[in-house]
Every structure is written in C-alpha cells, then in structure tokens.
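Going line by line, the protein sequences match chains A and B. Position in the first sequence (first residue = 1) + 458 = my numbering. Position in the second sequence (first residue = 1) + 69 = my numbering.
Everything labelled a hint here was simulated from the structure, so no lab data went into it. There could be a bad hint or two in this list.
[Unchecked claim] With the C-beta cut set under 8 Å, the calculated list includes, among others, these residues of chain A facing chain B:
(1) G1157
(2) L1226
(3) T1369
Beta carbons: idealized from backbone N, C-alpha and C, even for Gly.
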Amino acid sequence: MSLLLPLSVLALLLAGGAVPAVAARLGRSAAAWCASGALALAALLLVPLAPRALAGDVAVFRLAWLPEWGLDLAFRMDGLGLLFAILILGIGQLVILYGAYYMPQQDGLGRLFGTLLAFAGAMLGVVLSENLLLMVVFWEITSITSFLLIAYKHDSVEARIAARMALAVTGGGGLALLAGVLLLGHMVGSFELSAVLAAGEAIQQHPLYSLTLVLVLLGAFTKSAQFPFHFWLPNAMAAPTPVSAYLHSATMVKAGVFLLLRLYPALSGTEQWFLLVTLTGAVTLAYGAYVALLKHDLKGLLAYSTVSHLGLITFLIGMESPLSTVAAVFHVINHAIFKASLFMAAGIIDHECGTRDMRRINGLFRVMPRTAVLGMVAAGAMAGVPLLNGFLSKEMFFTEAVEAGALGGYAYVLPVFATFAGILSVAYSIRFVHDVFFNGEPVDLPRVPQEPPGWISLPAGILAALCLVVGLVPQFAVGAILWTASAAALGAEPPAYKLVIWHGFNLPLVLSMAATAGGIVWYLFRGVLFELHDRYAPNVAGPAAFERVFNGAVVAARAALGVADPRSLRRYTLYLLGGAGALGLAGFLGAGPARLDGGLPPTPADPAAHGALLALVFGAVGCAVLHRNRLVAVAFLSVVGLIVALTFIRFSAPDLALTQLSVEVVTIVLLLLSLRFVPGEAPAEAPCRRRLFDGIVAGGAGLGVGMLAYAMMTRPFETISGWFTANAVDGGGGTNVVNVILVDFRSFDTLGEVTVLAVAALGAHALLDGLRLRPHALSAESEADRHPIMLAMLMRPLLPLALAFAFYILLRGHNLPGGGFIAGLITGVALILQYLAVGIEPTSARLRVDHLRLFAAGLGLAVVTGLASMPLGLPFLTSWHGYVPIPLVGKTHLASAMLFDVGVYLTVVATVLLILSEIGKLSTRERAAAPPPRANPASAMPEEVRA
Amino acid sequence: MELVMATGIGALVAAGVWLLLRERTFPVVLGLALLSYAANLFIFAGGRLSATSPPLVLGEVAAGATPADPLPQALVLTAIVISFGTTAYLVALSLRLVGESGTDEVDDRGDQA
C-alpha cells in the first residue's frame, strides 16, 4: 500500500508534463480540468494511507536507487507529511480553480498549470520523503519550478530579476541544506529519516553538530524567507497572483518551516538551536510586521505579513517547550488558510481596479461587498480577532510567551515582545481592511471596479469559511490532524492541550486585547510613521544589495572562467604541464634525501649508442626549430622514428621495431598528404619573450622526464612477467611471449585497444567525409608526374610480394616476431603504395572492399573468437590450442588466439586504409568536382556540411 | 647506456613540449608525435636495458643471455599503433578546422575579446 506514495508524487509530475499538451490541443478549460483532476488523483491515492497516519503509524516505501550513495527512492507517510500533503493538494485545488478564472483569456494556462503541478509534485515529494537525499532532490525541484513560476511573465524585466533572486537565494540555501544532510548522513551512517530522527542524541554530541545545524538552518531560513534572506519573497510578488497565493502563502515558503519541524527531534533541544531559531524568528516576526504596514502595495503588504508570520512560526519552533511546537504546527495550518484567501482577494481587487496601490484604492465595500466580506474575514484571522482561526494560534503564542522560563529574570521580555508583534500585525491588518474597503472614495483608478462573477470568489470564500470553522469548532475541524502532526514533529506524544475558544480571563487574553487596542492606535498614527520612515530609514533595500552582489559575482565568475577556461590550447597545455611538474617536484622533494642514481650497475654505452643519441637529438631539435618549414620538419620527424625503431632492435624488441618501422611509414605518408591542405603561408614567429618562456617550460619538462627516466632505469625492479614467460608455450600455445600476451593472456585489453583504434579511425572518417578543401597548386612538373611511372611499374610485382609477406608475418606471429598488428600495418603500407602508384579511384575500384565493413569484420571476428569459449562454460576470450591434422600440410599446431589475431589484423588494415584514403581523396579533383553519392548511412551526417 | 637513454627521452620531451606550445595545428601534431615516442621509450625502458635476447621461448636460453621483459613490449606495441590512430585523428581534426574556419590557428583568439 505504501507504493501509493511515489505514485501520488509521480501522478503530479507526469500530469505537469501533460497539461501543456492538453492546453494546446483542447483549450484552457480542459487544461484546468486536467490539472484539477491530477491533484484529485494524487489526493485519492493518499487517502488509503491517511487513517494509519492519523493513528500515529508511519508507512514507508523503499526502492533502491543508488544504494552505494545511500540514495533510495524512499517515501514515508506520517502525521506531519499528511498535514502538509493536505495543504499542498487542497489549496492547490483551490488555486487551480481561482487561476482558471483569474488569468486573462488569451493565456492558454498550459504553461502555468503544468509548472504549478510540477511544483506541487516536488513539494509533495519534499514532505513525503523518507530518504533525506531524495528530499533534497525534491527541494531543489521546488526551487527550480518556483523560479519558472515567478518568471511566468517573462517579458517583464522585474519578473526575471525577481525569479533569479528567488532562485539564487533558495537554490543557494538548497546547497547548504545538501551539505548539512550529507553531514547528517555521515554522523548517523544513514540518510533514512527514521534512523536520523532516532539518533538525535548522537547527532547533538557530535563535534560537527554546530556546523550541520547552521547548514540545515540556512536551507530552511532561505526557503522560509527569514531575515536576512527575506528579501526575495516580496520581490517574488512579480508572479501572477494565483502563484503567489499558492507558493508564498501555503507551500513553498512553508517548506523551510516543514524542514525545521521534520528534523526537530534530531536537531532541537540545544542552546544553539534555541538561540539561532528563536532569534531569527523573532527578528523576522518584528521586521516583517513593521515593514508590512509601510507598504502601499497591496501584495507587498501581504508579502511582508507572510514574512512576519513565517518568523512567528520559526520563533515558536525555536522555543523549547513542546507546546510551542504544537502552536507552530497550528499556525502553519491557519496561516496557509487565511493568507491564501487574502492573496486571492488581493488578486481580485487588483484585477478590478487595475492597480494595487492602497493610496488609490478606497471605499470598495460599496461596489464589491462580497469580496470585501471575504477579505475582512481573512484579515480578521490574520489580526487574531476572536472566533477566527488566527485568534487561536495567536493565543497559544501569547501563552507560550508568558510561560516560557528560558530567560530567567528577564521573563517580562517575551510577553512584551509578543504584544509588540501583535500590535504591529493588528495594525497592518486594519490597514488592509480600512484602507481598501472604506476610507473615502477611490482615487483615480484605471478601471471602474465592480463585483466579479461568482466563480472567482469561490476559492477565497471556501478558505474564509474555513477560517470561521476552525475558529469556532477547532477541535472538530483540525483536532485530529493537529495532534498527529505535532506528535510526528515532536517525535513523541504532545502534552495535553485544549483547543477551545474560551480559556477564561487570563494574562494571554489581556495581552491579546492590549495588542488589538495598540494596533488600532498604531494604525491611527500611521501618517506620522510614514513620514518618520521616509525621512530616517536608510535605504538599504535588500534587492539592490542583492543585485550588487549578484552582478559582482557574475563579473568574478567571468574572470575566474577566463583564467580556468581561457579557450586556449596553449594555456590548457601549460596548466597540465605545470600540474604534472608540481606533482613530480613534490614527489621528488618529498622523498627526502633520495639519490637520483638508484644503484643498479649501469650497462656500458657503446659508440653506436652515442651516435644514435646524436641523431635522435638532431632529429628532435631539428623538428622543433624548423617546424615552420613543414616538409623539412616531417623529414626530421622520420629521423627520430627510425632511431626509435633502431633502439627497439638494440634492446631486444624485434616486435616493437617492426611495428615502429611500419607505423613510421604510415605516419609520414599521412603527414605528407595533409601538408597539401594546411595553409601555406609561414606563420609569424611568436614574440621573443614568449619563445623564451616556452623554451624554459619545454626544457624543464625534458629535464624532469629525463631525470625520472634515469632514476627509474637505475633502480632494481621485480618484473611480473615471469609467469607470462613460463606459461606462454603451455598455456598460450606460442613461443613469442609478447604476441601471446597480446592475443591470449591480455586479449581483453587488446580487444579494447583495437576498438579504440577503430573509434579513432571512424572519428577521422566522420571529420573528413564530405569535407572540401582547396589543395595547394602543384607545380606543372609534379602535375605531370602525378603517378610516377617507375613506382607504378615497381608496384606490380611488389604488391603481391608485400601481401604474401604480410600473410607470413601474420601466421608466424604467435611464435616469432610478427602478428596481427605488424601484418596489418605492412598490408596497409603495401596498399597505400598502390594508391600512390596508380591513384585512389582505380585502386578502390579493384579492391572492392568497403573499409567500414572491414572494421565490422575485424572487430566481429575478434569478439566471436572470444565468445566461442562461452558455450563451453568458459569465460569470455578463453583460448584453445592444440595439434590439428591439415591435409597436405600435416599435423599443425594451431591456437584459437590466432583467429583473434586475424581480427586484429583486419581492424588495423581497415584503420590505415580508411584514414589515408580519406585524406587522399580530399585531393582528387574528380571528387571535388562532383562528390559521388554514397548510400552509406555513416556518411549521412556530414552531408549537410557539403551542402 | 641508461644516461644515453634518459638524455634521448628528455630531448624528445623537450622538443615535443616546445612544439605543443606553438600556435598552429601542424607543429602541435608533430609535438604529440614526438611526445608519444618519448612515452613509448619510457615505458619500454621500464623493462630495463640489460636484456640481451628477445622475449622468445625457443628451447634453452643461451648461456649468459638475459631475455627481455615481454610485458613492457606488449604495452608499447599497442601504444605505437594507437598513437598512429590518435595522430591521424588529430590531423583529420586540423583539416576539418581548415575547412570550417579557413585557418590553422590553434587558439580561438577572435572570440576572446
């Protein structure tokens, strides 16, 4: 049954994606029905779980997602989750109804309701998450979707700035929360809420507790717009009013408060918690209430009053008595009800009057009596007028303030503060009622206000009715859910309390009456207050400061990006070299007084070695110095390649020498072919200082690597090759240990390597296919001698010989130097020579082999050879070898690894041919004139480039 | 011999890095080729230089002969072939660059303003 939890969240998220399509196809009322239906479905799915939650049970659903990170799709339903789910889904339903009538006809509603549903889904995910990491994921989704909702009117600059600000503040808080949750998981050893809540004592004694607390509180305070992070909320009033009514009264800003309640058993009860939460709440409460009165904008007043009420809830959560937490939960319910209603009324007024300026909106009671009554009921609840729901939670607040003993001798501070906050909140509530609905005649309104059609008032009406119901019969209306939610938040049974209107004539009632009277006086003298505020209050508006910080951050980020990502290969290379050099140096210096010489007796150097070194240095330096003369540089490079091949021979590596030699030929041909297309003008030499710098870097790199090589070579070592050598014949069926390692012992590596080779060749093919370049003009002499006749004649006998030799090398590779790699390269060289001798088109026409298919054949053969062992129950790439009688030849020693080697051979041939023929094709004039159509799907993509 | 080898590797690295820091594509290709030579020699030298016979198991090893270590050779063999593949890819990339933007300058200085 707990499976219903993720389904409920999923229903909303999926419907969020579907609603825009519905709106586009079937119109706006279908979109509204669809959104409303999705919310109803989500609620229905949760209904079967509600009775257990009300009884105090916890239902948990768990599905492993990324278990190694501790991230599971784990959901839970308990009293607290149930309460918030009711708020989210219930008020969501009313907001959809309200929005369908509020939004202008030309708005299709698809985008609004789609995003709203996605937001509601994420919000539901936050309150129903059992896994804390999952909760953070949903938390961030609410930040992003609320960003989209605030920026709904995205052609307005204000809306965009406001949305960005909300995202930066709440998203940043989300990051802090993530860090806090990670720390919690570290301390507890699990991200499961059940485990975390049970480990409260361990968490609070952990040395990281304070840091964790601050991080989690940052997340909660930014989301719930606590001072000094409150400034995004009033700006977020740029959103359409239905969004404000939903996000900024009932849901999004309540997420922070929810977090405090959720983690209450784990984090509360310490000095730090009390100080941080209570102080922040108190400052926010007073500041929000003070500013709310000064706002002339209707929604601005409501926004600051929301800030203030959130501060009140936070303050209550911070107090140490369990009963204050009950009061906080109660106020969460009440505030959601009356504030959503007030926002809806404000939206109607804005809609009818064309402005939200309370200095111009007056005396609406006569023209809009219904809206006026609804607004007055909700505002009364906000002020804490008896018989309305706000009165009850405010009474609880006053009671807590009177009875809290935390401050010892300063016990009078809290009641006085509470009364002061009460005065302020009564004052701004009176302003909302008196200024808008009475107070003379409207001043110069853009429109003539009149009572709107009935449906738009219905949601506000329902909410106002709820204010009355909760206010009159609280125990009946919310008794059960309040009790179970408080129990879930406290992690224990809440103390006994009575939800009744009349507690007798006591001190809290006196304070309440004093606050009401004081509020009226405060409101009467508001003129003086406005004047004083205008004259003395420093203009440190949050948004401006935020914008300054934000713009500074953008500039700093650009600068940092300019350094970290300079879009310069040269800089990247320098960073890389610098990093490698620093690491090497640290290792060298960190090893203590280590000697460079490792003590292995040196092998004597012969004169040939000195000669070779000289040639090597000559080639390398020549290549480096004369690189601007590209042909010469390639010649120098080939010198280096030859010396390297000789080095391999000298040190008993015939396989390597053969490979190096054939690769050398192919590489040089490749470079020479490409020379025809590289721009010909000699590049300007870099400035002298830069060359000096590069020279120092290059010299340092060479010196470092040289020293490292020397240190390595002079140290004794233990090779792990003994096993390979000992088992080559018996295990691999071959005497050439290098080849047996390649195609048998480590054949899986080799398979990967030929795949890399194929990928590189295919990448080059994709880059070059369809490319059109203008080659440098040939001199008349070379034009006439395009395919030298000598070479063409020579190739006729040479080609079959070379191919036969390659075949021989392939066959003997398992026992003597040779093998698939070398044979493939030799075949490639032979065919390339044929290309050069008679031209690409004739050769290709005769060869009749598609290079891409050759890749498929080669890789396929290698893989099939490997798979062949699997039906026998042996692992992938297990080899077999033995003596096979072959007619005419006699008994022959064969190994399955040789077939694998043939696969390698084919892949290497395909690589060489594909790359070189692609580059060669660039220069054929036929191709440039009329690109031959190719039915090859692999070449389909670059066709556009050609066009 | 070790000193000779180390000097050779060092020279290759120095020349390779110098070329890598040039501003045109062609020297960068050359520089990477030199660096891959150096890297191959370095890994190969990991098997030390004292060997006197190739890593073949053909009957008895001649008296006094030290067979070479086959493992670095196997590593380097594929590395040589793959370095050809990457060089070819780089060449293709630089040719494409010429085709797309008409220049062979490595750094995108036009956009940085």
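| Which numbered conditions among the earlier hints are violated in the structure presented, ordered from lowest to highest? | Those not satisfied: there are none.
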